[in-house]
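*Asks:* Listed in order, the protein sequences are those of chains F and S.
Here our numbering is used: position 49 in the first sequence is 134, and no number is missing along the way.
Here our numbering is used: position 106 in the second sequence is 191, and no number is missing along the way.
Hints should not be assumed to be uniformly reliable.
Identical copies look the same in the list; a pair holds intra-copy or inter-copy alike.
Taking lysine-lysine pairs in the DSS-like style, the calculated list, with each CA pair at most 27 Å apart, reads [as the list claims (entries may be wrong)]: (1) Lys130 / Lys164; (2) Lys130 / Lys93; (3) Lys164 / Lys139; (4) Lys139 / Lys129.
FYI, nobody ran anything at the bench for these hints, they're computed from the structure.
There are 2 protein chains.
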Amino acid sequence: MARTLFEKIIAREVPANIVFEDDSVCAFRDINPQAPTHILIVPKKPIPRLGEAKAEDQSVLGHLLLQAAEVAARAGLDKTGYRLVINHGPDAGESVPHLHVHILGGRHMKWPPG
Amino acid sequence: MARTLFEKIIAREVPANIVFEDDSVCAFRDINPQAPTHILIVPKKPIPRLGEAKAEDQSVLGHLLLQAAEVAARAGLDKTGYRLVINHGPDAGESVPHLHVHILGGRHMKWPPG
Numbered sequence: 086m087a088r089t090l091f092e093k094i095i096a097r098e099v100p101a102n103i104v105f106e107d108d109s110v111c112a113f114r115d116i117n118p119q120a121p122t123h124i125l126i127v128p129k130k131p132i133p134r135l136g137e138a139k140a141e142d143q144s145v146l147g148h149l150l151l152q153a154a155e156v157a158a159r160a161g162l163d164k165t166g167y168r169l170v171i172n173h174g175p176d177a178g179e180s181v182p183h184l185h186v187h188i189l190g191g192r193h194m195k196w197p198p199g
Numbered sequence: 086m087a088r089t090l091f092e093k094i095i096a097r098e099v100p101a102n103i104v105f106e107d108d109s110v111c112a113f114r115d116i117n118p119q120a121p122t123h124i125l126i127v128p129k130k131p132i133p134r135l136g137e138a139k140a141e142d143q144s145v146l147g148h149l150l151l152q153a154a155e156v157a158a159r160a161g162l163d164k165t166g167y168r169l170v171i172n173h174g175p176d177a178g179e180s181v182p183h184l185h186v187h188i189l190g191g192r193h194m195k196w197p198p199g
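With the rest of the complex left out, here is chain F:
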């Protein structure tokens, strides 16, 4: 299977503005930001999309959400607020087939969410 852009970012083969990394997740700025702060956080394990995660991925998914909140707090968004978004499949505009959580903040986010 071809490696995705995000795998290449994690491997430092494609440059990105990485803001956080640990053994199982990596967070970097979206190159096409939709808000003053727009960061992506991804599991290092190449799960293509949420619907293909398995029961064995439960702990990495939980860690992904906990670290998304940490990254948002470190970006100064904890008090003002932030929106997390996961896109699955064509109706949601899923782009790169490597599970990723969008963290958006620094402005008022409207409703509906797209």
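Once you have looked at the hints, place chain S on chain F.
*Replies:* Just chain S now, with coordinates in the frame of chain F:
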């Protein structure tokens, strides 16, 4: 601390259209749907918002995402796609102070996500 609307839904004290429930999560239709399918899935544990989740909540958060994907698939959204949204704090329009994941599908979701 006052119990939230979602705690009352889980306790069957407030009616809701519950579509899935297990020991640790409950999913029900949003009363103000923003897409043809709009379901909320919440942990039964009353975590006020993602930023207040603790390390000990990792497994329930992972389970929440896995079950969100299951609920979306059972709603027929797996192939067409769906968007998951978590709102934290005022800029995101967080409403009920009980962590919840929005599952939206059945139409094309625009970008940016609000």
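*Asks:* Compare the structure with the hints numbered earlier in the document and write down the numbers of the violated ones, lowest to highest.
*Replies:* The structure conflicts with no hint, since it agrees with every one listed earlier.
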